[in-house]
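Enquirer: Since the structure of chain A is already known, use the hints to place chain B on it.
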Amino acid sequence: MRQKWRLYRHYVSIVVRGMMQYKTSFLFTAMGQFLVSFNVFLGIYFLFQRFHQVKGYSYSEVLLCYAIVLMEFSLAEMWARGFDTFSGLVRSGEFDRVLVRPQGEILQVLGSKFELTRLGRMLQAVVMLVYALCTAQIRWTAGKVWTILFMLVGGTAVFSGLFLIYAALCFFTLEGLEFMNVLTDGAREYGKYPIDVYGKRILQLATVIVPYALIQYYPLQYILGRADSPAYIFLPLLAVLFLLPCYGLWRFGVRHYKSSGS
Amino acid sequence: MHVEVNMKKYISFFRLRFSMGLQYRTAAAAGIVTQFFWGAMEILVYKAFYEVDAAAFPMRFEAVVTYIWLQQAFLAVFGAWIMEGEIFDAIRNGNIAYELCRPISIYQMWFSRSVANRTSKALLRCVPILAVAALLPAPYGLRLPASWAHGGLFLLTLLLGLLVIVAFTMLVYITTFYTISPEGVRIFCVSAVEFFAGAVIPLPFFPEKIRYILELLPFASMQNVPLRIYSGSMSGEEMLRAVCLQVFWLIVMVAAGRGLCRRAERRVTVQGG
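Protein chains in written order, with our numbering: chain A, 33 to 294; chain B, 822 to 1094.
Simulated from the structure, these hints should not be mistaken for laboratory data. As the structure is a computational prediction, the values presented were derived from the model and not from experiment. Yeah, the Cβ is synthetic: ideal placement off N, Cα and C, and Gly gets one too.
Beyond 10 angstroms from chain B on every Cβ pair, some chain A residues (computed):
#, residue
1, TRP37
2, VAL48
3, GLU137
4, TYR163
5, TYR249
6, GLY257
7, ALA259
8, ARG283
Covered, in the sense of this in silico footprint (three residues per stretch, anywhere, with C-beta under 8 angstroms from a C-beta of chain A), are these stretches of chain B:
#, stretch
9, 841-852
10, 855-861
11, 870-884
12, 1018-1027
Looking at chain A on its own, in the form it has when it is part of the complex (with noise of 0.2 angstroms):
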């Protein structure tokens, strides 16, 4: 185990460096990743000095909210973005030199890229965060500070998950289907505002298909006070458990690995 850990890390650097060799593309890149999450910003922003409150939630709530789940995304992008891009792997071909390492495929495809421009969009997540957590009249306990720690797993977790799926099914079409990007995209879009606002169809339906409000709306409710049982803290944690069918899917995938290459 440590010695894949050391390998990973090892990976990540070699990213990061080769990144690194071309600082202007990588800081427009992560200035760009700002700009589309601070324009999502700024249309809460307008809305709510027009509305104030959306179903009970304040202008703060929602950005403690939106902050969360920039961040469960962001992290989850950064570290799982192989498995985004795993498509390009497969048609070239290039999945094959994976197989033949020493070395677990996750590892190998997961070191193969790092993310590091999603730092763009985390200081936009920070920012927010900040903001919401001096103005959103919270009263902070123990438990709600590792709410927020656990969410961060959970979430990171899930969206990892649904990379994972996403390059699973890679094995089956070969391109990366464009309809996964509803879950993906469309969740860290839509999971600006706490689910419920969408109506009850939707909670249900991001509860039981992909656990999204387990690491959203349950716990936001503990935070904000709405609910006591200290249950609500561990939620986040049993979304974690989202990554087994993906897993299970991923492997099944990577039996029925057909090479395209040449």
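Expert: Same frame as chain A, but now just chain B:
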């Protein structure tokens, strides 16, 4: 005679790119699913805000719904990020040299290609989205335009809006001649268009003063005008002003683009070998 031959060249560039765009049908099908989801979620957000304070709503709810469905249906027309990688590549890797040798105007060729690319993509995607959105029950469905005149004006402003956004992307392509790494300009322009054109939230949702300024900017001449004319959230006088502004910005941006392009062609340094 001369003009006719000239036009023919660009029409064939248009047709070439157009039929190429029509090939990507699976991508279009996937895009339709995605855009349906996007539209539905967007409508649910506005519904939640509408329930908070219907009086603060600057447009009728049905108008917002119509605006959103049209936006999704014509995403390929107005998406600011839809630029042609080939053009950036040609400038960077030196293939532009071949284009310069041909007896054509680079500006007009790229312009007609871009228009073709956007229309073909939009044609594939818009029909199913519009058809299904029109079938949805009352407040959530796409409505018909307020009158025949609104419908006609919608088509005219849709075309003008398309030309304005293409003229704008042309300016972005041309800046590549002047800076070798165009990413920064491109990213910044895309974000600005998205926000100021009313893609993030429709312009009427901005505070009055900001909206007044935004409506004068070229960005408002893109999707804002056709979508709001169709959904009936502009008065007669506003519509007239909006159409005039569209024409004005189109002329300004095309003139600027052609001027800059000609200057760039004269001093172009071809990269690569």
